[in-house]
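What follows is each chain in one-letter form.
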Amino acid sequence: MSVQEFLWAYMWAVLLLTLGVALYGVIARPNLLKKIIALTVLGDAVNVMVVLIGYRFTYPVAPPILPSLSRDALGAFLSSAVDPLPQALVITAVVIGMAVNMLLAILTVQLYRLYGTLDVREIARRGGGE
Amino acid sequence: MDAVGLTPIIPLLFAFALPLTSILIKGNRRVVQAYALLGTGLTLISSFALFQRAYSSDSPLIYTFGKWVAPIGIIYEVDRLGALMALVTAFLMFVIAVYSYRYLEGESGLEWYYTLYLGLEAGLLGVVLTGDAFNLFVMIEVTSIASYALVAFYRGRRDAVHAALKYAFIGAIGTTMYFLALGILYGAFGTVNFADLSAKIHDIPFPVSGNPVGEVVLASGIVLALATWAFLIKAAIFPNHFWLPEAHPAAPSPISAVLSGLVVNVGIYSLMRFLYTVYGGELVPGLERVVGGVAAVLVALGAVSALFGALMMNAQRDVKKMIAYSTIMHMGYLAMVVGAGTQLAMQAAIFHMINHAIAKVLLFLAAGAFIHAAGSRDIGDLTGLGRRMPVATFGLSVATLSLVGIPPFNVFFSKVLLFDAMMERSLALAMVIVLSSVIALVAYMRVLYRIWLGKPREDITVGEHASMAFVLLLLSAAVVLMGLAAPLLLQHYVDPAAAQMMDYRAYIKAAVEYASALFS
Chain A
1 MSVQEFLWAY MWAVLLLTLG VALYGVIARP NLLKKIIALT VLGDAVNVMV VLIGYRFTYP
61 VAPPILPSLS RDALGAFLSS AVDPLPQALV ITAVVIGMAV NMLLAILTVQ LYRLYGTLDV
121 REIARRGGGE
Chain B
1 MDAVGLTPII PLLFAFALPL TSILIKGNRR VVQAYALLGT GLTLISSFAL FQRAYSSDSP
61 LIYTFGKWVA PIGIIYEVDR LGALMALVTA FLMFVIAVYS YRYLEGESGL EWYYTLYLGL
121 EAGLLGVVLT GDAFNLFVMI EVTSIASYAL VAFYRGRRDA VHAALKYAFI GAIGTTMYFL
181 ALGILYGAFG TVNFADLSAK IHDIPFPVSG NPVGEVVLAS GIVLALATWA FLIKAAIFPN
241 HFWLPEAHPA APSPISAVLS GLVVNVGIYS LMRFLYTVYG GELVPGLERV VGGVAAVLVA
301 LGAVSALFGA LMMNAQRDVK KMIAYSTIMH MGYLAMVVGA GTQLAMQAAI FHMINHAIAK
361 VLLFLAAGAF IHAAGSRDIG DLTGLGRRMP VATFGLSVAT LSLVGIPPFN VFFSKVLLFD
421 AMMERSLALA MVIVLSSVIA LVAYMRVLYR IWLGKPREDI TVGEHASMAF VLLLLSAAVV
481 LMGLAAPLLL QHYVDPAAAQ MMDYRAYIKA AVEYASALFS
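Protein sequence lines, in the order shown, are assigned to chains A and B. So for the first sequence, the numbering used here puts the first residue at 1; every next one is plus one. So for the second sequence, the numbering used here puts the first residue at 1; every next one is plus one.
Bear in mind the hints are in silico, worked out from the structure with no lab data behind them. It is possible that some hints are incorrect.
Stated by the list, open to error - Facing chain A, a subset of chain B residues (Cβ under 7 Å, in silico):
1. PHE134
2. ALA164
3. ALA168
4. PHE179
What the hints assert, rightly or not - Over the 10 Å line for every Cβ pair with chain B, so calculated as not near, a few chain A residues:
5. MET1
6. PHE6
7. ALA13
8. LEU17
9. LEU23
10. PRO67
11. ALA81
12. ARG121
13. ARG125
Glycine is no exception: its CB is placed at the ideal position from the N, C-alpha and C atoms.
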């Protein structure tokens, strides 16, 4: 296994681990603020994964910009450039993720005003009712 | 092809322009209401034009944004199922907008309500019209964010904010998982367009994009597992249902109607697209095992959901919570038939999705009329109101009788279809539908009896507003007429929609022809 392959596998292992930790955080942590942090970590882990899917296993990697408008340059370009489409997908997902996190943060602030706590166990004990 | 692209854009423009407009008109409620009616009304006209065009054309309609064809740009591809769902969505959103004005007369912030409401409509229409898996993700998120915010509309109430947070957390996990599925899908197939994906899976040539590069079977397995999980969260199928009985009742009643009637359909519709447009028909053996496994899981979870929802309906004191559990039951039926996957099952799924949407909207709006009068969701506080509010009682009776499946009403006919479709699979599954209907009947009758014949409270002055009564009568008429005309509807609208949805070759061909016409 070359150094690159090792780093590649290592990267995926770390990402999967992050995904697991983030899922644990969202589901099992009692503090709502920590749940939101875990949710952003989850979103970011998935975003990095999707960017990695478009990654080219070559070195050095050229940015996806066509050097000159000729067929020869195109062939060389296609064999070295990374795929920009996953990055385009991710930038959309980042924007959407921001909207969701913003809404969650506002709702959490509102919940704190109403209950005076962010601990979901405490909130469940008092009941969801008026 | 203007109607295709225009339909989701009208509510989107109206939604974005509303906050600015409301400053100009200084938040005048009447103007805001007129604005919302104009927005939803124009959308209804546009979706009706789209519906007529889809049914007069033999192949699915294509709309490209700025002439960027299939695998390169995002396209809208509308088959008859999509057009039919768009029409039902636009119609219900319009009548619910009519109803909302009176229901929210005591609340401030009508302009923010309608901003989110129109955004929600844009998302719902985008989901049913899109021909691209990534655009589906965006549209599901648009729908979801508007729903989360609308659930928390009563921002001073503890239960509303708590339910919205719960809904938002589980929804955000689901959509994140769907996004991961899209990344894997793109990594394996090099495309996220439905027609292109289907062409790659069925080995049909498609312009521009090359051959799949990854492990198709393994990738499909992961993708389907993640995407199905996400859609089951959106459709509230057991064991991902737990957010629904809190979120739907906590919202204002018109929004409960939208959530229970239309938003949950997003999950079922997306599942149908994935399982029958993308992974439909003849497959290589490895893929067939994967898809068969997903379908079996859907049937099993659907059956559990149906029984669970029916049983929990009987344990509720809150009338809206009871209706919310009934939604879980009906979504269970839909998951079962989507898993069964025959032509008959698809007809049953499409017809039941439409019938359930209309009947459930009517039920929530009728219950909302009582809640609006009594100021409480507890069944005990609603007793005896029925005789003072005849129109609402009529709507409530029609909706409950329809939803349990009493013959002249519309849901009876789709339940017969559901029963037939499940009989092809096994008797036990068909009995699940009968059994859960009977259990649900008990719960419905208990509520209807208390509201109609219970001893009335003296301290409530009730009146029925004309606009609310009109909507209830209109929807009751729709429920009855759709029941009486069920054979005609099935023959002319539902069967062609099911046939076209199962025909993935025509779906691919439409996209390929449009693309190659532009390249040549």
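Cross-check of the supplied hints:
1. Given the 7 Å rule on beta carbons, the hint for PHE134 (chain B) holds: about 6 Å separates it from the nearest Cβ of chain A.
2. Annotation: ALA164 (chain B) was flagged as interfacial toward chain A, and the flag holds, the nearest CB pair being 6 Å apart, inside 7 Å.
3. The restraint placing ALA168 (chain B) at the interface with chain A holds, with a minimum CB-CB distance near 6 Å, inside the 7 Å limit.
4. For PHE179 (chain B), the shortest C-beta to C-beta distance to chain A is roughly 5 Å, which falls under 7 Å, so the interface hint holds.
5. At roughly 20 Å from the closest C-beta of chain B, the C-beta of MET1 (chain A) stays outside 10 Å, upholding its exclusion from the interface.
6. No Cβ of chain B comes within 10 Å of the Cβ of PHE6 (chain A); the nearest lies about 21 Å off, and the non-interface call holds.
7. Distance to chain B confirms ALA13 (chain A) as a non-interface residue, since its nearest Cβ pair spans about 16 Å, more than 10 Å.
8. Residue-level check passed: LEU17 (chain A) sits 15 Å from the nearest beta carbon of chain B, beyond 10 Å.
9. Remark: the non-interface label on LEU23 (chain A) conflicts with the geometry, its nearest Cβ contact in chain B lying 7 Å away (cut-off 10 Å).
10. Every CB of chain B is more than 10 Å from the CB of PRO67 (chain A) (nearest about 21 Å), matching its label as outside the interface.
11. With a least CB separation of 15 Å from chain B, ALA81 (chain A) remains clear of the 10 Å interface cut-off, as annotated.
12. A cut-off of 10 Å between C-beta atoms confirms that ARG121 (chain A) is not in contact with chain B; the least separation is 13 Å.
13. The beta carbon of ARG125 (chain A) is kept farther than 10 Å from every beta carbon of chain B, the shortest such distance being approximately 12 Å.
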